[in-house]
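Protein sequence lines correspond, in order, to chains A and B.
Going by my numbering, the first sequence opens with residue 1, and the numbers climb by one from there.
Going by my numbering, the second sequence opens with residue 265, and the numbers climb by one from there.
None of these hints come from the bench; they were simulated from the model.
A quick note: this is a predicted structure, and the numbers were derived from the prediction, not measured.
We put the CB at the ideal spot given by N, CA and C, even for glycine.
Hints are not guaranteed to be accurate.
Listed next, the stretches of chain A that the computed footprint assigns to chain B, with coverage defined by at least 3 CB atoms under 8 angstroms from CB atoms of chain B [to be verified]: (1) 155 to 164; (2) 168 to 178; (3) 249 to 258.
For lysine-lysine, the following BS3-like pairs were computed, each having C-alpha atoms within a straight-line distance of at most 30 angstroms [to be verified]: (4) A:Lys-157 / B:Lys-391; (5) A:Lys-248 / B:Lys-433; (6) B:Lys-317 / B:Lys-383; (7) B:Lys-452 / A:Lys-248; (8) B:Lys-452 / B:Lys-469; (9) B:Lys-433 / A:Lys-173.
Residues from chain B that keep clear of chain A, each with C-beta distances beyond 12 angstroms, as calculated [as the list claims (entries may be wrong)]: (10) Ile-331; (11) Arg-334; (12) Glu-363; (13) Lys-364; (14) Leu-392; (15) Lys-443.
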Amino acid sequence: MNSIINLGLWQIAAAYIFVIILLFIVKIKGIPREKEILISSIRMTLQLILTGYILLYIFDNSHPLYTILIIVIMEVFAIYNVFKRVKLDLSMNIKKIIALSMASGTILSVLYFILVVINLSPWYEPRYFIPLTGMLIGNSMTGISLGVSRLVDGIHKEKHLIESALMLGATPKMATKEIVDKAFDSAILPTINSMVGMGIVFLPGMMTGQILSGASPITAIEYQIAIMLGILGSVSLTSAIFVQLGYKTFFNEDSQLILEEESN
Amino acid sequence: MFFLKDVKYKSILDIKNLHIMKNKITCIVGESGSGKTTLLKLLNKMLSPDEGKIFYNGRSIRDMNSIELRRKVVMLSQVPLIFSGSIRDNLLMGLKFSEKPLVSDTILYNILEIVNLHKDLEETADKLSGGEKQRLSLGRILLIDPDVYLLDEPSSSLDEDTEEVIIEKLVSHTKSANKTLVMVTHSKRIAKTFADNIIEIKQGKIVI
Ligand SMILES: Nc1ncnc2c1ncn2[C@@H]1O[C@H](COP(=O)(O)OP(=O)(O)O)[C@@H](O)[C@H]1O
Ligand SMILES: [Mg+2]
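Next comes chain A alone, as it looks inside the complex (with noise of 0.2 angstroms):
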């Protein structure tokens, strides 16, 4: 049964092979991409060797502080990255309210996940809490992501549209209510179209792993079922707080669309 092969520095440094076949096929190809592949591979290695050392010195040392710390580190790059992600200009209103639906979304979903679905004990147990919460919170990202450029891309360009719902007495919320639907359901599409493939067109990152380091398919499937699940609820706790505030930011006390670039 425990028949887990641990891979060797050779063995590892065999896999590396695939790099070097890309940098030769980019190479031979002339497309100017080599920096960009070996600073990603370093990147690559580099970041997870960390984590696995700070990861194995935090499992052996357990306590709720060090699994607070990680989460918010977590929580903290996953905003920056969506502010990168999306590729406009955001006001400081709206990158706080992302800030807001990101951490209130993914910290209700995860300790809804963590202390109702399985039950942890002691709560913080790394082992379970960091890595159920990196699904959850990447998740979230890219799902958010897509609902903030829908909508700041939708309000700009239905401005139109929009002062003329307010001209008609319309409340912002009525003005915005099309491209605020449409921005929540960007956000929650791909996380239903990653269900649908599920176990058919990919085995799912950490269901690979868990079998790889000897686990139960049974029990994969399982864990895999259920953090599938809470990824589903944290996406749309995250994007639906988010839609619900950010189309406000538009919107100043006397219901006036407010844009940034109105310096023409």
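Let chain A serve as the given structure and place chain B with the ligands on it in line with the hints.
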């Protein structure tokens, strides 16, 4: 009905004193870029002045809720706004936005009659011509039945004959219903024929 005192908006508008009479037809004329649209938007709080005060029925609009004000003082934008859906959907949209009760098809056909749009309510609104869209959006605000109509060039994409007919009907409708009409128009002829008062704006200032 409206009184503006020392109103300034950016460097676009500068108005010392302006009265707009209740139950009258007021036309605003002036070159393009002179500030006509901006003036209308100040009246329904789509914009707020940087300085000065605007009174509506004796109350400063600064102290009024924007949404409530806009439901009494409805503005038709220069570019007609058409939603996806049928002509009926588009007419009813105004009532939904201003949270008024929806009405029967008979009333909707009456409205289409007023704006000279002889179409079926089921028809897709997107397919209408520019002029027809403009008449549809005019019908939509007539249906809301506000106290004040702010119309921004309501006939700009109509030909002269249709324009005359529509404005004529619009004016008689608002007169008989005791409404206040403020209309931006590019046509001095329209202004002379129908207006009780004409306001001319030049580079943000009232000249008459
Ligand atoms: N949001 C805005 N910000 C700054 N300037 C504007 C804005 N909207 C319009 N303007 C400028 O204000 C002036 C008056 O515009 P407008 O009221 O639309 O004129 P009109 O309706 O008489 O053609 C124009 O010079 C226009 O370029
Ligand atoms: Mg104008």
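Hint check results:
Evaluation of the coverage hint for the stretch 155 to 164 of chain A: fulfilled, as 4 residues show C-beta separations to chain B shorter than 8 angstroms, against a requirement of three. With a cut-off of 8 angstroms between beta carbons, the stretch 168 to 178 of chain A has 6 residues touching chain B; three or more are needed, and the interface restraint holds. Judged by the Cβ-Cβ criterion of 8 angstroms, the stretch 249 to 258 of chain A is covered by chain B as claimed, because 3 of its residues qualify and three suffice. A hinted pair counts as satisfied when its Cα atoms are at most 30 angstroms apart, and A:Lys-157 with B:Lys-391 qualifies at roughly 21 angstroms.
Between A:Lys-248 and B:Lys-433 the alpha-carbon distance is near 40 angstroms, which puts this suggested pair outside the 30 angstroms criterion. The hinted pair formed by B:Lys-317 and B:Lys-383 fails the criterion: a straight-line CA distance of about 44 angstroms is larger than 30 angstroms. A hinted pair counts as satisfied when its Cα atoms are at most 30 angstroms apart, and B:Lys-452 with A:Lys-248 does not qualify at roughly 41 angstroms. For the proposed pair B:Lys-452 and B:Lys-469, the alpha carbon gap of about 18 angstroms is at most 30 angstroms, so the pair holds.
Between B:Lys-433 and A:Lys-173, the direct Cα distance comes to roughly 34 angstroms. Violation of the 30 angstroms bound is thereby established for this hinted pair. For B:Ile-331, the requirement that its beta carbon stay farther than 12 angstroms from each beta carbon of chain A is not met, with the minimum near 6 angstroms. With a minimum CB-CB distance of about 5 angstroms to chain A, B:Arg-334 fails to clear the 12 angstroms threshold, and the non-interface call is violated. At the 12 angstroms boundary, the C-beta of B:Glu-363 falls inside the reach of chain A, the nearest C-beta of that chain being 7 angstroms off.
A Cβ of chain A approaches the Cβ of B:Lys-364 within 12 angstroms, the least distance being about 9 angstroms, so the stated non-interface status is violated. With 12 angstroms as the threshold on Cβ separation, the claim that B:Leu-392 sits away from chain A holds: the shortest Cβ distance comes to roughly 16 angstroms. Once the 12 angstroms rule is applied to beta carbons, B:Lys-443 is consistent with being away from chain A; the minimum gap is 16 angstroms.
Hint compliance for this structure: hints 5, 6, 7, 9, 10, 11, 12 and 13 are broken, all remaining hints hold.
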